[in-house]
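Asker: Single-letter residue listing:
Protein chains: 4
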Amino acid sequence: MNKYCFLDDYSEGCHPRILAALGRTNLEQQTAYGNDDYSNQARALIREQLGKEGTPVYFLAGGTLTNLVIIASALRPHEAVIAAHSGHIALHETGAIEATGHKIITVPSADGKLTAAGIEAALASNALYPHMAKPRLVYVSNTTEAGTVYKKAELQVLSKTCRANNLLLMLDGARLGAALTAETNDLSLKEIAELVDVFWIGGTKSGALLGEAVVIPHEALAEDFEFHVKQRGALLAKGRVLGIQFVELFSAGLYFELAQLANAMARKLSNAILAAGHALAVPTESNQVFAILPNRKIEQLNERFDFYTWEKAGEHRSVVRLVTSWATDEHQVDAINRLF
Amino acid sequence: MNKYCFLDDYSEGCHPRILAALGRTNLEQQTAYGNDDYSNQARALIREQLGKEGTPVYFLAGGTLTNLVIIASALRPHEAVIAAHSGHIALHETGAIEATGHKIITVPSADGKLTAAGIEAALASNALYPHMAKPRLVYVSNTTEAGTVYKKAELQVLSKTCRANNLLLMLDGARLGAALTAETNDLSLKEIAELVDVFWIGGTKSGALLGEAVVIPHEALAEDFEFHVKQRGALLAKGRVLGIQFVELFSAGLYFELAQLANAMARKLSNAILAAGHALAVPTESNQVFAILPNRKIEQLNERFDFYTWEKAGEHRSVVRLVTSWATDEHQVDAINRLF
Amino acid sequence: MNKYCFLDDYSEGCHPRILAALGRTNLEQQTAYGNDDYSNQARALIREQLGKEGTPVYFLAGGTLTNLVIIASALRPHEAVIAAHSGHIALHETGAIEATGHKIITVPSADGKLTAAGIEAALASNALYPHMAKPRLVYVSNTTEAGTVYKKAELQVLSKTCRANNLLLMLDGARLGAALTAETNDLSLKEIAELVDVFWIGGTKSGALLGEAVVIPHEALAEDFEFHVKQRGALLAKGRVLGIQFVELFSAGLYFELAQLANAMARKLSNAILAAGHALAVPTESNQVFAILPNRKIEQLNERFDFYTWEKAGEHRSVVRLVTSWATDEHQVDAINRLF
Amino acid sequence: MNKYCFLDDYSEGCHPRILAALGRTNLEQQTAYGNDDYSNQARALIREQLGKEGTPVYFLAGGTLTNLVIIASALRPHEAVIAAHSGHIALHETGAIEATGHKIITVPSADGKLTAAGIEAALASNALYPHMAKPRLVYVSNTTEAGTVYKKAELQVLSKTCRANNLLLMLDGARLGAALTAETNDLSLKEIAELVDVFWIGGTKSGALLGEAVVIPHEALAEDFEFHVKQRGALLAKGRVLGIQFVELFSAGLYFELAQLANAMARKLSNAILAAGHALAVPTESNQVFAILPNRKIEQLNERFDFYTWEKAGEHRSVVRLVTSWATDEHQVDAINRLF
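Residue numbers (this note's numbering), protein chains in the order written: chain L, 913 to 1252; chain C, 913 to 1252; chain X, 913 to 1252; chain Z, 913 to 1252.
If you are wondering where the hints come from, they were derived from the structure by calculation, not from laboratory data.
Fair warning: there could be bad hints in the mix.
What the hints assert, rightly or not - Heads up, incomplete: computed chain Z residues facing chain X, CB under 7 Å, no partners named:
no., residue
1, Asn914
2, Lys915
3, Gly925
4, Gly974
5, Ala1008
6, Ala1029
7, Leu1148
8, Tyr1220
9, Thr1221
10, Ala1225
11, His1228
12, Ser1230
13, Val1231
Unchecked claim - Using 20 Å as the maximum straight-line C-alpha spacing, the simulated EDC-like pairs for lysine to aspartate or glutamate come out as follows:
no., chain 1, residue 1, chain 2, residue 2
14, C, Lys915, L, Glu940
15, L, Lys915, C, Asp1136
16, Z, Lys915, X, Asp949
17, C, Lys915, L, Asp949
18, X, Lys915, Z, Glu940
19, X, Lys915, Z, Asp1098
20, X, Lys915, X, Glu1211
To be verified - Residues of chain L placed beyond 12 Å of chain Z at every Cβ, according to the derived structure:
no., residue
21, Leu987
22, Pro989
23, His990
24, Arg1048
25, Asp1136
Even glycine gets a Cβ: it sits at the ideal position worked out from N, Cα and C.
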């Protein structure tokens, strides 16, 4: 890559503390398949955040794999998922959920969030027994695919709606760090664990080489979970690789610190874009910036920077997506900011 | 772990050269999803071994995931796999292949190998059209789960049998390094690529943190392969992590050097066991030693060493499995050898 | 049922000629699994309609089963279906297609039909390689779920669009008789067979007890088809039951005659509804009438007749669906007509 | 068919009383999808046999479909089935169970029966958590594929073994009539319902055109069952076709009477074979006769009769299978008997 890249939050390796820990522990013999000391330490560190001992925690490699293991283990064959149309499982996972046999019922959403009304509409239009798959699990992501962040009150309403309708609530936290450190956030990991049935904390997009931590507050869903992890190919022989990384991320607040760095860089981009007189397609809450720029401006920026042109916005403008990470170089942010 | 462990070949981290490379390249920005410079370099290095440009090569994380992606992408729903009863996909992958919809037809095997006669028997007893799943892919592993190594003549016969019967031949190379560096081996990577339709080169058990390289000499099987990699959750966002490791393994012969180290340690164990007057359940060809030991001896060894007691061998004896790796400590080998 | 029923076109048994044929042949011994004389005769009769010898024809029991066998046999795991949002597979088959692993990409449609523009939009929004399932098969139904009928020119455009985009075109003919005998129809079975890759001729809704005939003009799709029929549980031991029925339906034009009867009754209903000053939600082309009636009128009709109230149409009106069949009693049509 | 056929028990149509009932009720309007009066009557008649009100009963068309619906609805993805190697689901259903994602663990069996020892061996060799699919359902068939019949004591032991090991016990009753009317039988439908969790009563091989009745004594397994029936394509629109047939079969003992006829004809064949000095491969208990005949004799019989030559029995002899049904012509039995 010759140009500086704002394409995504996984263009660099991992935080140096993680590399150091991998090196420090490298030649120790450790039990395989997630039963190593480091995975156990990481579990303890995550449970500390939840303020609850014993909550099941598993480490998997990769978001799509994590989503499909959770959903396939939680549902019977006739049960369906409700998700926002923009939900990662609905849009960007190559039919991975359907490949495990389950229908995804999508709900339109302007900002990437699901609402109680959306869920209820999905229930109402999927009620013709037994000719329609039975809605059973609600999938949300935080941050959403639009970079927006759920407020506590919003998640409480979703949680209540799900419990009232015998629906499981699952939260995809590929970018949960970015959500929890957003200025607009008022949720804690502990509260999330109280409101949802199962969620995961993304490592890949938050400073790890790879790895996601699945947390299952609704403990019945954890029954036999490890079989599913193995059956779908998600059980790493050297589970230590995941454990060591999550130990580092959840020691001394590194996970949150890195997410804050990413968010701060996005805010800086976003402020410069607004200051230059352009509009945002979605207000910037986390580490993704969706800006509406003139096509000529986009071309010009593209000479020195890589980013996605997301969709057209009329004839002469387009929405672009700029993503920052814990590793984003502030000098490059300043450089692109001068060009808007 | 307080005891020294001969349980498996994935109890340690990775070869230090790999960690160094991860560190050296860590902050470079690289394209995601396996399109990074290092994955491309690693592809070139592997193709060099094959003596053939352009052979499709993909990097995935984990053997079960690799097996299921290959098989699910290669077969239509009514097609079945033929494997030795001891084959990893048949015995130790939690029904991962069946979970993608395919039956595995198993063939008895004393030494872990398939033979033409075994394949032909499986064909003959699965021929009642259309009431039986149609055999379409033959799965072998090298080394086998019994640590044995295919001779060139054996693989040639399998290849010929498969081609004569419209069967695809797949080779699981989780321990391909150990096979190719065995004293009994007379095969090269190049020859394997000529004889089979698809195979994979295991990194996890050969010095990498994780990662396996899928090689598809039968190029029609590579059509749309990346969709399958993504759909099954096997497409790492930071594909560089796999690419960098395979660059190191296939530079300066490291992959083969590490496998040789493992094999040498196993030979040392095996020689000591024989010298002490015990028998082997299977002659030691690679990095797995299957020894028949008195139960009292096993208890005594277990005080200082970890290993699997595999199965009973009469009333007073059992088969134990001792596995070595590139990281096995020769002092520990000497120590256990003194106890046999 | 005490009330006369316009709920569907499968509330009665079968045409008496079919019962007579079942009786006449009952004690003959016939080969099982669709290889009986009658299934062969029925194949010949259908091929006569196609004007082409040798086209593969199979008999299955039930529309959902037929749809899932066709689609699961035609697609590789990463391939998706494009269908109208109202398509039977998308809306009323309990996720049967997803249960075989395939995503359905739905396209909005006011009248139940797909258009080239709809297909192209679906292609454009599902093109992010390899992160989106690959569209590969287009599903249409004729008549559609709204009772509308494809014109020849419309199907030609779809066919051309599919061939230009490497898409298979499949036609669900659960009510194909009603389509081919509609006043607005200008298509023949022969032309359908030239324009689509695979289609089926519904028996259940056209005078049979059960049974659908799958026709595969794109012969490569028929390779190993019978394995799929068996694997999904669709291979009737007494295949004669299906063969005998299709022999009767395709002898002396019975299939078309029965569909015409159904359509005529629907036209009579529809004319009376319009004459009474009500509007139709969709113009009546076949044997389904979608009428917008005042809720009080619906209540009144419901005292003596059964039918579905489909959806609200403002505060005081609703859309009702009245379905006729070959067995609809004209006296009952007259009776309900007097009440509109 | 020019020769008289002993190939199977589904070469003829149905018992004339069934045809008469189909005719008598043909033009009545009935609710679709198994909610018709006749399906309800048939449920009541079957429950009478069980001596228990309220047991869930469903009607499906076809044995493979029935097996796959039951198993797929009962199991979570990581759970496996234990079956005799000769079990229909393991051998003659084209991988239908695997196609729903589940592994079948097979147990050798000489007479087609499973034993407690067989189940326990399967459990012992599939216990490596989480690397092996978890055994959860035991599949038996009665009569077995070898025509043998479970004694009450045998089924009690299986039932106890299953309950002690948290295994569901399922009985495939494709030929349950033949079992319950065998001279060696000491089981009733009521007792079967007490001993197993789910079973089905085959109609196809017992005088119906098609149709099997699923009975679910373990009522938790019936939760949402109808969704599964629909999702797998097994929900007939004209469910009356199944209901009417089971009303006839379970009125005035017809079901048992027809099975007795079939068994009597098999006994006659079997006695003649023994009297002629030949041996049986399995003692004849029901409507399948497995005889060991000289190959020359087989050729001679084949000139006038159709039957399967099952497998070789040495150089000059083979096992043949002769199957009788309710419709078997006693004159033809006499005719073949004269030739043995």
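Asker: Indicate, hint by hint, whether the structure satisfies it.
Answerer: Hints, verified against the model:
no.: 1; hint: Asn914; result: violated, 10 Å
no.: 2; hint: Lys915; result: violated, 9 Å
no.: 3; hint: Gly925; result: holds, 4 Å
no.: 4; hint: Gly974; result: holds, 5 Å
no.: 5; hint: Ala1008; result: holds, 5 Å
no.: 6; hint: Ala1029; result: violated, 32 Å
no.: 7; hint: Leu1148; result: holds, 6 Å
no.: 8; hint: Tyr1220; result: violated, 12 Å
no.: 9; hint: Thr1221; result: violated, 17 Å
no.: 10; hint: Ala1225; result: violated, 25 Å
no.: 11; hint: His1228; result: violated, 30 Å
no.: 12; hint: Ser1230; result: violated, 22 Å
no.: 13; hint: Val1231; result: violated, 21 Å
no.: 14; hint: C:Lys915 with L:Glu940; result: holds, 12 Å
no.: 15; hint: L:Lys915 with C:Asp1136; result: violated, 29 Å
no.: 16; hint: Z:Lys915 with X:Asp949; result: holds, 15 Å
no.: 17; hint: C:Lys915 with L:Asp949; result: holds, 15 Å
no.: 18; hint: X:Lys915 with Z:Glu940; result: holds, 12 Å
no.: 19; hint: X:Lys915 with Z:Asp1098; result: violated, 48 Å
no.: 20; hint: X:Lys915 with X:Glu1211; result: holds, 13 Å
no.: 21; hint: Leu987; result: violated, 9 Å
no.: 22; hint: Pro989; result: violated, 6 Å
no.: 23; hint: His990; result: violated, 4 Å
no.: 24; hint: Arg1048; result: violated, 10 Å
no.: 25; hint: Asp1136; result: violated, 6 Å
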